[in-house]
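J.: Protein chains in written order, with the working numbering: chain A, 336 to 624; chain B, 336 to 624; chain C, 336 to 624; chain D, 336 to 624.
These are computed hints drawn from the structure, not numbers from a lab. Check the hints yourself; a few may be wrong.
All copies of an identical chain are treated as equivalent in the list; a pair is satisfied when it fits inside any one copy or across any two copies.
Stated by the list, open to error - Calculated lysine-lysine pairs in the DSS-like style (CA-CA distance at most 27 Å, straight line):
1. K434 with K572
2. K526 with K572
3. K434 with K526
4. K337 with K463
5. K463 with K572
6. K463 with K526
7. K337 with K434
8. K557 with K526
9. K463 with K566
10. K557 with K572
Here is how the chains run, residue by residue.
Protein chains: 4
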Amino acid sequence: MKLAFIGAGNMGSPMARNLLRAGHQVTVYNRTRAHAEPLREDGAALADSPSDAARGVDAIVTMLAEDQAVEQAVESFVETLARGAIHIGMSTIGVACSKRLAERHAARGQAYVAAPVFGRPVAAAAAKLWIVAAGPPEAIERCQPVFDALGRGTSVVGADPWLANAVKLSGNFLIAAALESMGEAFALVRKSGVDAGQFLEIINTALFNSPLYAGYGGAVAKEQFEPAGFKLRLGFKDLRLVQEAAESAAVPMPLAGVLRDRFLAAMARGEGDLDWAAIARIAAVQAGL
Amino acid sequence: MKLAFIGAGNMGSPMARNLLRAGHQVTVYNRTRAHAEPLREDGAALADSPSDAARGVDAIVTMLAEDQAVEQAVESFVETLARGAIHIGMSTIGVACSKRLAERHAARGQAYVAAPVFGRPVAAAAAKLWIVAAGPPEAIERCQPVFDALGRGTSVVGADPWLANAVKLSGNFLIAAALESMGEAFALVRKSGVDAGQFLEIINTALFNSPLYAGYGGAVAKEQFEPAGFKLRLGFKDLRLVQEAAESAAVPMPLAGVLRDRFLAAMARGEGDLDWAAIARIAAVQAGL
Amino acid sequence: MKLAFIGAGNMGSPMARNLLRAGHQVTVYNRTRAHAEPLREDGAALADSPSDAARGVDAIVTMLAEDQAVEQAVESFVETLARGAIHIGMSTIGVACSKRLAERHAARGQAYVAAPVFGRPVAAAAAKLWIVAAGPPEAIERCQPVFDALGRGTSVVGADPWLANAVKLSGNFLIAAALESMGEAFALVRKSGVDAGQFLEIINTALFNSPLYAGYGGAVAKEQFEPAGFKLRLGFKDLRLVQEAAESAAVPMPLAGVLRDRFLAAMARGEGDLDWAAIARIAAVQAGL
Amino acid sequence: MKLAFIGAGNMGSPMARNLLRAGHQVTVYNRTRAHAEPLREDGAALADSPSDAARGVDAIVTMLAEDQAVEQAVESFVETLARGAIHIGMSTIGVACSKRLAERHAARGQAYVAAPVFGRPVAAAAAKLWIVAAGPPEAIERCQPVFDALGRGTSVVGADPWLANAVKLSGNFLIAAALESMGEAFALVRKSGVDAGQFLEIINTALFNSPLYAGYGGAVAKEQFEPAGFKLRLGFKDLRLVQEAAESAAVPMPLAGVLRDRFLAAMARGEGDLDWAAIARIAAVQAGL
Chain A
336 MKLAFIGAGN MGSPMARNLL RAGHQVTVYN RTRAHAEPLR EDGAALADSP
386 SDAARGVDAI VTMLAEDQAV EQAVESFVET LARGAIHIGM STIGVACSKR
436 LAERHAARGQ AYVAAPVFGR PVAAAAAKLW IVAAGPPEAI ERCQPVFDAL
486 GRGTSVVGAD PWLANAVKLS GNFLIAAALE SMGEAFALVR KSGVDAGQFL
536 EIINTALFNS PLYAGYGGAV AKEQFEPAGF KLRLGFKDLR LVQEAAESAA
586 VPMPLAGVLR DRFLAAMARG EGDLDWAAIA RIAAVQAGL
Chain B
336 MKLAFIGAGN MGSPMARNLL RAGHQVTVYN RTRAHAEPLR EDGAALADSP
386 SDAARGVDAI VTMLAEDQAV EQAVESFVET LARGAIHIGM STIGVACSKR
436 LAERHAARGQ AYVAAPVFGR PVAAAAAKLW IVAAGPPEAI ERCQPVFDAL
486 GRGTSVVGAD PWLANAVKLS GNFLIAAALE SMGEAFALVR KSGVDAGQFL
536 EIINTALFNS PLYAGYGGAV AKEQFEPAGF KLRLGFKDLR LVQEAAESAA
586 VPMPLAGVLR DRFLAAMARG EGDLDWAAIA RIAAVQAGL
Chain C
336 MKLAFIGAGN MGSPMARNLL RAGHQVTVYN RTRAHAEPLR EDGAALADSP
386 SDAARGVDAI VTMLAEDQAV EQAVESFVET LARGAIHIGM STIGVACSKR
436 LAERHAARGQ AYVAAPVFGR PVAAAAAKLW IVAAGPPEAI ERCQPVFDAL
486 GRGTSVVGAD PWLANAVKLS GNFLIAAALE SMGEAFALVR KSGVDAGQFL
536 EIINTALFNS PLYAGYGGAV AKEQFEPAGF KLRLGFKDLR LVQEAAESAA
586 VPMPLAGVLR DRFLAAMARG EGDLDWAAIA RIAAVQAGL
Chain D
336 MKLAFIGAGN MGSPMARNLL RAGHQVTVYN RTRAHAEPLR EDGAALADSP
386 SDAARGVDAI VTMLAEDQAV EQAVESFVET LARGAIHIGM STIGVACSKR
436 LAERHAARGQ AYVAAPVFGR PVAAAAAKLW IVAAGPPEAI ERCQPVFDAL
486 GRGTSVVGAD PWLANAVKLS GNFLIAAALE SMGEAFALVR KSGVDAGQFL
536 EIINTALFNS PLYAGYGGAV AKEQFEPAGF KLRLGFKDLR LVQEAAESAA
586 VPMPLAGVLR DRFLAAMARG EGDLDWAAIA RIAAVQAGL
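Looking at chain A on its own, in the form it has when it is part of the complex:
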């Protein structure tokens, strides 16, 4: 397919590379052009604006950090993107933002598919992302070659694009909740005199048997939050989007409220650039550890 790709960051770069390797023709735009340069070796063309990148493509992929960045990009390319072309939004954005994008594209006769991903940069590089897609079935079908090049599987959760965003945000909420629960439990056993690493081994062997608990739990047990796989301030952004979605659906989420305060407490300590697993340390701090 003829594709545009907006956003060559930690996630976007390996994803664009995988699209090139799968034989797609890809024009890349990144605000800081230098970050996109290496992709030229893989065969990418570079564009000077989202608008330029969008000209003549079958589909345009966005992979950016925030609602606002995505909306600005869309404002740039919505006029040059052809009628009938597809915007595949793979960023983790809010439900409300996704609704606005759906309207914006519909008004222009374009299709909008939300397709956020689960997986960190290393999974992106290995084409092992898990893609959660939602949008018009016919459009999703046309996106399949893109999804195949990027991930190990795709779940289609509905015809309304924002459903995919709700699922992605809820997933991130579950991870943050697991982090907080480990933070509190580790604080309790450590202050009682049990080694955190041993506790982690026990709960993972006896209870969760989950690579995610093992991985994040290891970071929490060792209090090792650098380098950041996913920055705390971005985790907070997602938590806010969870609360925004919960608000518009009128769903009380007390645990989300606890998480919010953990993120704020970490940011008050100047830890916004650590890995988001660092929210688990707040429990230890408050216990005087």
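Guided by the hints, dock chains B, C and D onto chain A, whose structure is given.
T.: Just chains B, C and D now, kept in the frame of chain A:
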């Protein structure tokens, strides 16, 4: 070994049976004698009181529902249990209770090993429990044949018996936290219009890859909380013991506070005898689902 | 003074009337013109747009329900308001919005004073509002005749206008917290068998001795939430603005998190148009009362 | 009346003195006898044990710090207290403890009236306590001369003694909630750049108009928590009793959960002997102030 076993309930009966099968000589006491009767076919002797059961044994195992039940049993047998014999406390009891028991036995020249287990009745029957033990190293060594007959592994977490109880309680806290986080996330995606079962499949495939999340998540997604594998009112008891431990260690645990209210809300609805996974439904109820 | 007044609602109408009675020359604009008509009898001129109202005045007062309404009004009148004139923002708006307005007016050489008020419509009619003002001292001084006509006192909290908004929002947070605390305490004593009205009398006589506790407490004790003095959905708006301010200042506020869920639970029950004291009933509902 | 008085602490001493001044004959017992000595000048007899003090009296008053202390005293005097005599329990104790005392006295043909008080030592000295009484109406009537000598008013809340304890605990919960709400609001305005003292003045003038808010708010604004009028660790004891009552009545109280963590965080900082208003500082600490 020559053993006594106090408590032939859902967990205790299969455990006692496995001890018999492993060749140990076991005298069983259960308050309701009829529940212990079937163990006679496996070679158990039945006693009329904990005190009777304790006479002449190398070790006595307790597997009861609550702190109070364990303390009453100990009061009954502490005078007849030989000096040098071991009390292996496998119930999920509080840290404070465990400290009292340690003192009680020390004063009588007896050893006390706390050895609570992770695993449900089906794991008990299959001798697949995971045992968390703490106590004097020499005593723990002598308990090894008992642990071998009951579980698939043992973690020794320290020389102070109550450390094992702190670990077990913290593990249960982590499960309850996972339940609550699923309850809130499911409420959000369901109210947004996504199928709960599909969401569960996604998060388990893409994120947790954990049998525990799969199992409990299935119950939450289907709102199927009967029959109870572990009753909600017992889960609340454990949560209270977590808070008791957190209090004596001065560890703020906001998530435990949220869980407390979920248990209370469920009990105000008369759901104390459902499986404890039913706390996850409170989020749905409060969202008007 | 020659004044414009934007927003002739429950609060704005009596305020505009008091300005007229104090001898000011007032041009009023209200989106629904009919609501402003009665003010003509008091000597008001009516305008067809905020822009029209602003022409030639010394100061323009805004008293509207939401950030967005205020920003739209400002967009309308910022070009016609004279350099050196003052925008007196008396609505309860967010800190971030107030910062944007300050910049907007500064760029046009206009002064911006934030002056939100404490008090309900009955206090507005009696010119008994309490005004919290912030902004350039010289501008505040010029506003004094306006404040004198509207309230029983003014507190000046700083030279940055948004400080007044932070104070107003924090005040509303304190009221909501008092409501929630009464909700929980009343649920406990009622379920224990004590009469709610008697409990209220005791705590107010023995503890708070506060008209606010007496007033809201009476509503909570009788569960009488209509007619709404201040709608629950507007209270939620304010709570959100509190959380927004807390977020930008990195201040964890766990009680605000609890309140958020109470508002959401009430709205999930369709109670957004009740008086905001109705959040206190959620505790009773969850206790099965 | 012929009275015994158990507990000559900060509260008990001035109360016993007021009973003597009102013409009652009072025998005082205090564990540390020296603290009771000054009361001899006021005409008190001193006893060597609660049991001695109780002999021949019409009523015995207990004013002690904790459930356990009250229960130990009762065990001491229940055999010597005459049938038909009254135990007036004025300590702040738990609902469950109060139920046990009611049974204990009923079995001995004695009356038990719970009559906890609102008011600090200075109010006790001025005979300005507010008394919340519950128990058999006939017994309460006989206590009236005691209440008249101690307080400025009495509320009778029912025939079951523990109702008075539920009311007293709920009142303390409301104060603690007010403290926490001030802690969070002050953290927000201070970090925004508003003076805490000015904020307090505003909210009390414009909103609460309550001596309690003024008094505690002053302590919070100045972060002055010594000397302790009521120690933080005793406040935590009361909060625990609130949660115990909430648990047995199945009343979820999320705000109580937040308070619990504040107390624990303060105690983890070694602040158990400060005034309980110090829980309000935790919000500031977590905000990095």
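J.: Against this structure, judge whether each hint is valid.
T.: Tested hints:
1. K434 with K572: both (18 Å within a copy, 21 Å between copies)
2. K526 with K572: Classified as between; 21 Å across copies, 31 Å inside a copy.
3. K434 with K526: Between copies only: 16 Å across, 47 Å inside.
4. K337 with K463: within (22 Å within a copy, 55 Å between copies)
5. K463 with K572: Cα proximity of K463 and K572: one copy only (24 Å, versus 42 Å across).
6. K463 with K526: The answer is neither: 39 Å in one copy and 30 Å across copies each exceed 27 Å.
7. K337 with K434: Within one copy, since 26 Å is at most 27 Å while 45 Å is not.
8. K557 with K526: Cα proximity of K557 and K526: one copy only (15 Å, versus 32 Å across).
9. K463 with K566: within (21 Å within a copy, 39 Å between copies)
10. K557 with K572: Within one copy only: 25 Å inside a chain, 31 Å across chains, cut-off 27 Å.
Of the numbered hints given earlier, the model fails hint 6 alone.
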